[in-house]
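A.B. asks: Residue strings, one per chain:
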Amino acid sequence: MRRLPDRGRVDHDQRVAFSWDGRAVEGLRGDTLASALLASGVLVLGSSVLMSRPRGIVGDGVTDPHAFAQVGAGDRTEPLMRMHEVEAHDGLVAESRLHQGILPTGPDPDRFEKRHAHADVVVAGAGPAGLAAALAAAEQGARVILADDHPQLGGSLLGEELLLDDRPAHEWARHVEDALRAHPDVLVLPRTTVVNVGDQGAVALVERVSEHVAPEHRHGRALRRLWQVRTRELVVATGATERSLVFADNDRPGVMLAGGVRGLLHRYGLVPERCVVFTANDSAYRTAIDLVGAGVEVPCVVDVRPDPTGPLAERARALGIAVRAASAVIGTDGDAEGALAGVRVVALDGGAEEVVACDVLAVSGGWDPLMDLHHHVGGRARWDAERLCFVPDGTVPGVHLAGSAAGVFGTEACRRDGHLVGLVAAEATGHGSAADGPDAPAARDAAEAPPADFVVTPGTDPVHAFVDQHRDVTIAGVERALGSGIRHVEHLKRYTLVGTGTEQGRTAKVNAGRMAADRFALPFAEVGVSNARPPAQPVTFGALAGRALGERFDPVRTTSIHPWHVAHGAVFEDVGQWKRPWYFPQAGEDMDAAVLRECRAVREGVGMMDASTLGKIDVKGADAGEFLDRLYTGVMSTLKPGRARYGVMCKADGMVMDDGVVLRLAEDRFLATTTTGGAAGVLDWMEDFLQTEWPDLDVWLTSVTEQWATVAIVGPKAREVMAALAPQLDVRQDAFKFMQLEEAVVAGIEARVARISFSGELAFEISVPMTWGLALWEAVFAAGQPFGITPYGTESMHVLRAEKGYFIVGQETDGTVTPLDLGLDWMVADKEFVGRRSLRRSDMLRDDRKQLVGILPAERLPEGAQLVDDADFEIPVPMIGHVTSSYDSAALGRPFGLALVRRGRDRIGETIYAPLQHGTVAVEIVDPVLFDQEGARRDG
Amino acid sequence: MFQIRCPYCGPRDEPEFKYGGQAHVAYPADPEALSDEEWARFLFFRDNSKGRYAERWNHAAGCRRWFNVVRDTGTHELVGSYRVGEQPEAAR
Amino acid sequence: MADRTAPLAAMEDRIAAAAFPGAALAAVPFVAQVGIRLDPAGPAAARVAEALGLPLPEANRVSASGGRRALWLGPDEWLVVAADGEERALVGILEDAIGADGAVVDLSANRTGLELSGPLSRDVLATCCSLDLHPRAFGPGRCAQTLVQKAGVLIEQRDADTFLLLVRPSFAAYVAEWLVDGMAGLAADLAAV
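In order, the protein sequences belong to chains A, B and C. Under our numbering, residues 1 to 940 are what the first sequence spells out, in order. Under our numbering, residues 1 to 92 are what the second sequence spells out, in order. Under our numbering, residues 1 to 193 are what the third sequence spells out, in order.
Just chain A, same shape as in the assembly (with noise of 0.2 Å):
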């Protein structure tokens, strides 16, 4: 295409050089990708999807079936952009790829940002009604988000030459706009498409932010922003797309949408030299006349209609420009290259077909509402036999459609209907009203002439005229369909494809339903079209994940010992979101070697460790003790103040949920502790017993988890370290006894001391303040130095409670698993308490339920490992049990593990099986606690 010197809404003073598929190309200031290459001679895109045959350009929008391109280098390369959306600028660099573009391989170098907000008024398109409706809720005093595909605001006013009160329709469009901006409330986002609606007014939009300038001159910039709003109330004015006619070979370059023609022209200053129109309305005679007006040669109108008589044909025939009423084109001729040289008309009462040179010829089937917003939201349509078009069957609450969205067509006829919808959207959030609001605009358009009801023309080479034209789907294609008994338009879809790829049929599904119904002689009406799903336009992954990438993925919690941990070369285990040292290697030591080192100088002199992240909360109240006996299965009312307890919790089916030490710090106060990854849950847990079972007990809860920090001293000597950090301190065994908690001045800092043990060893847990943390550890290690006190991670104290059989929620219980098959029989008192019921359902009693017993493997076990009965087996054999923790143990100085095993407390003695890859492992049942069975240890 030619470019006029004059015209346009591009810069012709300032010139921009971009790469398409490896060459030089320059464009203007204000091109996209699309109309840059037209202005440079590029007719062909590139070959199309299924049938290899060369395709163009075809329009001024995004639905366009085939300008799609690779955008970008390196990391940065994008497939299948929208290339009238792509903005021509210095640096660009594009490639020929219309169906099938690359992903980049490397993590992506630009940023996606995310955003939300909050509106009374979301208006979808900046055309006339998008304009004039966020005027009006704007002036009304609305919260208004006004979002538009393009950089300038004006929509199809941009593409057209139209005037409003008298004045060039796109100066009204400039003055709107400056109206809006001024307003405080109001939020303007050019190149910003509304991508889904979802519930209660969520509404996604993406901006593209900086990828109109190159890299290099982004600096820091997102690439594209997704905004989250929230908004009460929702304006569709998305406009109307136009559908094409089918004909033989009418997917050749040069054969566009005669709107498109136009916009080519208005936006980007871009003209052919001959113009054939093919059309079945009146809309299509603008761009005879506009090209006219330009200086094109337009040599004929081809128009189905019999008698063509509205004033815009009038004005037409005025100009010189011939129509051909009651004919129709049927096929095209091409150069070598396969653009358009020349098109072959024929009357629709028959005689032969005539060739008439051309170009570009513009094509114009009709309009059709885009209301996929409207869809995403479950809105319905029907087909308006006299408009010929789907629209708007109802609005959905919240959701309002206006100007050619709405089906309502003509300029001011837009505007006037979106400056009342926006009305109508403002009183639904609490402001001004509509029927006192300010008078909406005359629409004073000239009437149309009807449209013409037609899809293809008779006698068309049905192998050669495409339906869909993005999707390579002929007429002989969809007929093979119909034919194979396809009879709903969504299985036509899944079938032919038609409708389904980037462009989602936006110009080709309407008459492919058409087809359909004319096929079974049914109403369109009946037949419709398949639906539009979200996103109304692809959303990249890097928009959706935004910002949450590295240390914004997800919370990395760690104490505030941490620091100390990282020093000393800790290596951490993930527990939930928490990071825990795992252990702590010394030189040369693999993690076997530390943690049997750990392991050991717990056993034979001290450890300490960081039990920080131990769930903690406060229950307060006079009804505190009653309250906790009714969640744990244990009695926690009977404590006395200064002592402290183990407790276990089910949930309703009586599986164990949680356990914990429940502290009594006083009459009326306990504390109770969970387990690390269960903290929130049970605090939930409680809260809902509370508020919803038990209003009428006087308790309340706080959380206190991150409140306290806690170092635990563990060992034979862990009595002189704890003389040395708190010499005030009693810690004789007759002073400080097991289960029995202090006050105390420990290093200086108050703290509270308490005698528990998840080791079988003498242990004092001492909790300060959390920004007392580090400082309390610090001490500790200092003064256990003279006793060699080893730092110990998670990994150790999973061994050394193994030893004792103590289970661990999480990986000895799995939801399945009651107190009473982890031999808890004795924590299960007899009163009533949350889940106790289910433990007497019939299959709670059945006595072959799975056991926690301790195993001796041969060899050390993988953790999860099945268990059966035989060495010698066949498969099919019958799992009896896995293996749930598995360790090498320094004190045992053997492999040794826990499992789940059916009758297991029966089995004790019995040798079962574990089948590895390697071999078959024998596996000797024994009684969970393997070490200390006296218990002996814990007062040192």
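Errors might be hidden in some of the hints.
[What the hints assert, rightly or not] DSSO-like cross-link-like pairs, simulated, lysine-lysine; straight-line CA separation at most 30 Å: (1) K651/A / K50/B; (2) K150/C / K18/B; (3) K579/A / K18/B; (4) K579/A / K651/A.
[Unchecked claim] Chain B residues, not near chain C, derived (Cβ > 12 Å throughout): (5) Y8; (6) G10; (7) G21; (8) H24; (9) V25; (10) K50; (11) T75; (12) H76.
Since the hints were derived computationally from the structure, they do not count as laboratory data. Every residue, glycine too, gets a C-beta built ideally from N, C-alpha and C.
Here the structure of chain A is known, so what remains is to put chains B and C in place on it, guided by the hints.
C.D. replies: Below, chains B and C without anything else, positioned relative to chain A:
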């Protein structure tokens, strides 16, 4: 993403809340008096109906209150919220 | 004897460096915070208000007097906030006032502070928090417990463009990372205009 009206804090986005299943299913006052079948009904049986459904939510990231919501399971319309102790008719 | 440690000590330089003409961020490592649970219709409410010298505020609000503020957390829960070091005195006063009719818990180490100020502070929060902070919906004297992405925060608006975020110390770095990153994006936008 839902926007749920907490009866105490006002409308907030769904990630602040935790779902609690069907509303108005009380923990039996005397579980020991129930047969296995009656107890199993309480444990395992919940309505799964199309239309208006009363369900429990907890404003976990906010005021930590449990409350009830009437939701239309067919349309995802949130008809309203109401406090523990109130009946679905109080939803607003 | 060693001293207390500030939860965000390791990020202090990055927090300071994030400042741009639109907003600045500062850690407020130590804040005296005392939790109160009581029945607002019960006998303790008036006693507590009198002892504190400020009313227990209604939903989503803050009351302030004499360097102390009470933040609404829930229908029967408030957080009293004061200068670092006042927690012990506050606990004493409040325990005397509440007696057996509720709970008082020292939570001074349970959350740490981040102060975000500047004309674009609302926009910074909008990069990571879905709460509506528009003057029509929020404002000075308002507070809310909400989320910054996956982390719970207590947000208090201090004046027209200053917000105090109280965060669990284990989530503080995560929240600070989001704020610092949001500031970087807005700074780049501001520079491009």
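A.B. asks: Hint by hint, say whether it matches the structure.
C.D. replies: Now for the hints, and whether the structure bears them out:
no., hint, verdict
1, K651/A / K50/B, "holds, 28 Å"
2, K150/C / K18/B, "holds, 13 Å"
3, K579/A / K18/B, "holds, 25 Å"
4, K579/A / K651/A, "holds, 28 Å"
5, Y8, "violated, 5 Å"
6, G10, "violated, 7 Å"
7, G21, "holds, 22 Å"
8, H24, "holds, 21 Å"
9, V25, "holds, 23 Å"
10, K50, "holds, 30 Å"
11, T75, "holds, 23 Å"
12, H76, "holds, 18 Å"
Against the hints set out earlier in the document, violations occur for numbers 5, 6.
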